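Protein sequences, first through last, are from chains F, Z, E, C, S, X, R, Y, A and P. Counting from 1, one number per residue, gives the positions in the first sequence under full-length UniProt numbering. Counting from 1, one number per residue, gives the positions in the second sequence under full-length UniProt numbering. Counting from 1, one number per residue, gives the positions in the third sequence under full-length UniProt numbering. Counting from 1, one number per residue, gives the positions in the fourth sequence under full-length UniProt numbering. Counting from 1, one number per residue, gives the positions in the fifth sequence under full-length UniProt numbering. Counting from 1, one number per residue, gives the positions in the sixth sequence under full-length UniProt numbering. Counting from 1, one number per residue, gives the positions in the seventh sequence under full-length UniProt numbering. Counting from 1, one number per residue, gives the positions in the eighth sequence under full-length UniProt numbering. Counting from 1, one number per residue, gives the positions in the ninth sequence under full-length UniProt numbering. Counting from 1, one number per residue, gives the positions in the tenth sequence under full-length UniProt numbering.
Just so you know, these hints were derived from the structure itself, not from any lab. All figures in this text were calculated on a predicted structure; none of them were measured in a lab. Note that beta-carbon positions come from the ideal geometry of N, C-alpha and C, so glycine has one too. If a hint is listed, it holds; no wrong ones were tucked in.
Just the calculated beta-carbon pair ranges, DEER-fashion:
1) E:D78 - X:D78: 22 to 30 angstroms
2) Y:T63 - A:Q80: 22 to 30 angstroms
3) R:P72 - Y:A69: 18 to 26 angstroms
4) X:D78 - A:A26: 22 to 30 angstroms
5) R:M15 - S:A25: 25 to 33 angstroms
6) Z:Q32 - S:T8: 43 to 51 angstroms
7) F:A57 - E:L11: 37 to 45 angstroms
8) Z:T63 - P:P16: 43 to 51 angstroms
9) P:F28 - Y:A69: 36 to 44 angstroms
10) S:M15 - Z:P12: 16 to 24 angstroms
11) Z:A36 - E:D78: 32 to 40 angstroms
There are 10 protein chains.
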Amino acid sequence: MRFAVRLTTTLPPEMPESQRDDLLAAEFRRGQQLVADGTIEHIWRLPGRLANLGVWAVDTPETLHDALASLPLWRWMDVQVEALADHPLGGAVDSR
Amino acid sequence: MRFAVRLTTTLPPEMPESQRDDLLAAEFRRGQQLVADGTIEHIWRLPGRLANLGVWAVDTPETLHDALASLPLWRWMDVQVEALADHPLGGAVDSR
Amino acid sequence: MRFAVRLTTTLPPEMPESQRDDLLAAEFRRGQQLVADGTIEHIWRLPGRLANLGVWAVDTPETLHDALASLPLWRWMDVQVEALADHPLGGAVDSR
Amino acid sequence: MRFAVRLTTTLPPEMPESQRDDLLAAEFRRGQQLVADGTIEHIWRLPGRLANLGVWAVDTPETLHDALASLPLWRWMDVQVEALADHPLGGAVDSR
Amino acid sequence: MRFAVRLTTTLPPEMPESQRDDLLAAEFRRGQQLVADGTIEHIWRLPGRLANLGVWAVDTPETLHDALASLPLWRWMDVQVEALADHPLGGAVDSR
Amino acid sequence: MRFAVRLTTTLPPEMPESQRDDLLAAEFRRGQQLVADGTIEHIWRLPGRLANLGVWAVDTPETLHDALASLPLWRWMDVQVEALADHPLGGAVDSR
Amino acid sequence: MRFAVRLTTTLPPEMPESQRDDLLAAEFRRGQQLVADGTIEHIWRLPGRLANLGVWAVDTPETLHDALASLPLWRWMDVQVEALADHPLGGAVDSR
Amino acid sequence: MRFAVRLTTTLPPEMPESQRDDLLAAEFRRGQQLVADGTIEHIWRLPGRLANLGVWAVDTPETLHDALASLPLWRWMDVQVEALADHPLGGAVDSR
Amino acid sequence: MRFAVRLTTTLPPEMPESQRDDLLAAEFRRGQQLVADGTIEHIWRLPGRLANLGVWAVDTPETLHDALASLPLWRWMDVQVEALADHPLGGAVDSR
Amino acid sequence: MRFAVRLTTTLPPEMPESQRDDLLAAEFRRGQQLVADGTIEHIWRLPGRLANLGVWAVDTPETLHDALASLPLWRWMDVQVEALADHPLGGAVDSR
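Next up, chain F with everything else stripped away, as it sits in the complex (with noise of 0.2 angstroms):
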């Protein structure tokens, strides 16, 4: 099953520069495993913010809570989750 999730990141502007970088880091470098293993099936970036909206494949909604409370940022983030169906359209998409 597939969740839209929109994420924010809100980090304290006095956080120390190093801190900031090595969280964010570690953010990337999870997201690079999500996206490997097929649980980010899409991730678009919503311009101006530290935001983005996700498409995201798993198998229960469980599975999406392991996730999301596995990135290193999810304690700073503002985590908005939909669940979505298929739609008649769909099958036209995935045969063009």
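Since chain F is already given, all that's left is putting chains Z, E, C, S, X, R, Y, A and P on it; use the hints.
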């Protein structure tokens, strides 16, 4: 450029069944064309409502407007549009 | 998988009484079927309004959409859907 | 009487790991007690967040307040409470 | 148990005057009954609108639902309901 | 004149226990005075939160401001104030 | 006592021009009376909309309700009311 | 002085096509006049909706009101108005 | 031109009393100047909060900005600004 | 392509004056560069707040993101971005 497009349709409950069926069929056919010409790259249904979330790829915002305004259900739709940027993880997605 | 489903019905006050009664009766019968086949696991009324909160168990989001769209009152409903995951305390609930 | 209770916890990201672990463990133990004594009838996790939706059964609103205020994480929680009434379909649920 | 109940009525401006008068008179008579039987403990008008804030005392949420649904204006009302608990200062109020 | 007053207190979770206890005790004593002098006519707790709904009777809006500003917890409070008018059903309430 | 009153009128676009003109003229005459008797102390238009912000001076909230309900456009209005208190700077304003 | 003006038009879907075309054509002609006389300094379409964002330059707020009220579609519009001040970077813009 | 200005101040509860007193006193003195020079035409307190509603008369939006930014409490304020136009009833107010 | 960009800055009131001045000066210099290279086409201050509304012209959404993220105040900003399309009246504006 890409846009996240959220379309929510509200048809009056008292609309005659045949008009409703005709509109939904016309909408589906127009949707197939927009998929076929690559405008609608992705589309998912938001379960429980006459609503969907799509990713539309267009050359310009003007093209996006014309494509949305061409939908037979446009006059009954609430339209929300959000510009998307490439995400650094996108390369990993594409090469998967 | 389970969804929290919040259904709020708005019938036009001027709807003829017989149509209103028929719709509510048909809705109740469809609800009984969805309870009987295990789709609606729990349902509570939100007092003071034509509204309820339910927990729906389905195999896929597509099934959830079809079940909701099958409700006779669907065209008059505001539908809010939220995916649920098992909670760590759930084991304690089940073994109670 | 029953209440739908939605609990969202916001812990400061900079809280020491041991304090966080202790709080979450104490919360879990208190939750087990509330399940065991029948206060928490149902509970689901809202995936992606430190949040849950529960159905709490209490004799009075005062008891509900005391139960919620007894949670170790209460001071970090946003609490939303909604009274529930029996639904006419409830008989069908119970006799299923 | 007690509920804070906020009722806001929206009558279509074009409703015939006699129907409007009849509805408001019927609503007032039903209100008198609910005051007389102790259901409505307190009621205040929200000035400038066809709206009021009341405190309703009922044995169960189901009774609250039935009392609200019995109002002649119910189909034109927006209803907001909020459970109330005794406040520690209440003893001081009662013994005043 | 009367006001519906909704008070929601947010104390920082890390406030020392003794300061928290002192503040809550001082607030309770001030509340008792306001009940005794007839300012607070009614008060109910909103279960699950450090919050209450009250009906305050004052001679002027200036008096209301001073009474609220005299609360020891005022600096930690979100305050919502709504003017109330007599309701035509009020006579029935008073003569009950 | 004084209230900030925000009035927003929504007339159906298809209302016949003569009915619209009559209503607006009647509203203006009633407004002149309320200015003349000192009820409306100040009034400003919110540019671009059929809307205004006023300061109404009345003896009681009941009088405010009656004055607002006497407006010919009342049934088409959204009414927002907010109690005002004297400000410490008010003395400086009055003696200016 | 300048205002950011956001105009969103909602035409009933069942409006006859010829009336819709006439209204849109009249609106366009009036818009051309307001551009020609310098009232509308800038205007952009908000893609996907019958909506635009403009910067209107007027001598007084009263002129702004009259200009907006002169739009043939005004009765079907939601109008949002926001006063603008010169920005310190504006000199750089003008001398570019 | 005139603006409705709504100012809501949020001072941290833990601010030392002397700093709080100094800030409030400086704010009052600056307010007196703005009343004296005719910038603040009207001002009312919103009872129960550190908040007020004022009508500010200025030559330009730039002057409004400078006047607001000159307030000693500006950095702790939420500022809402709304342009006002003369109302047709204004003549009646002025000649009263 | 163009974007309406609304930037609202919230600096902690207790930030040292020199740091605040340095940040605002750096922001102004970066703004001058973005004006000079044509990224910021228009910019207006929203009076009374540390906020502005601008129209930014960029080749891609990625460029917009980088330009915004390059602002010295970016970590203290709330950023709202909205894609703009040409309006049919635009030709009239350009040839004015």
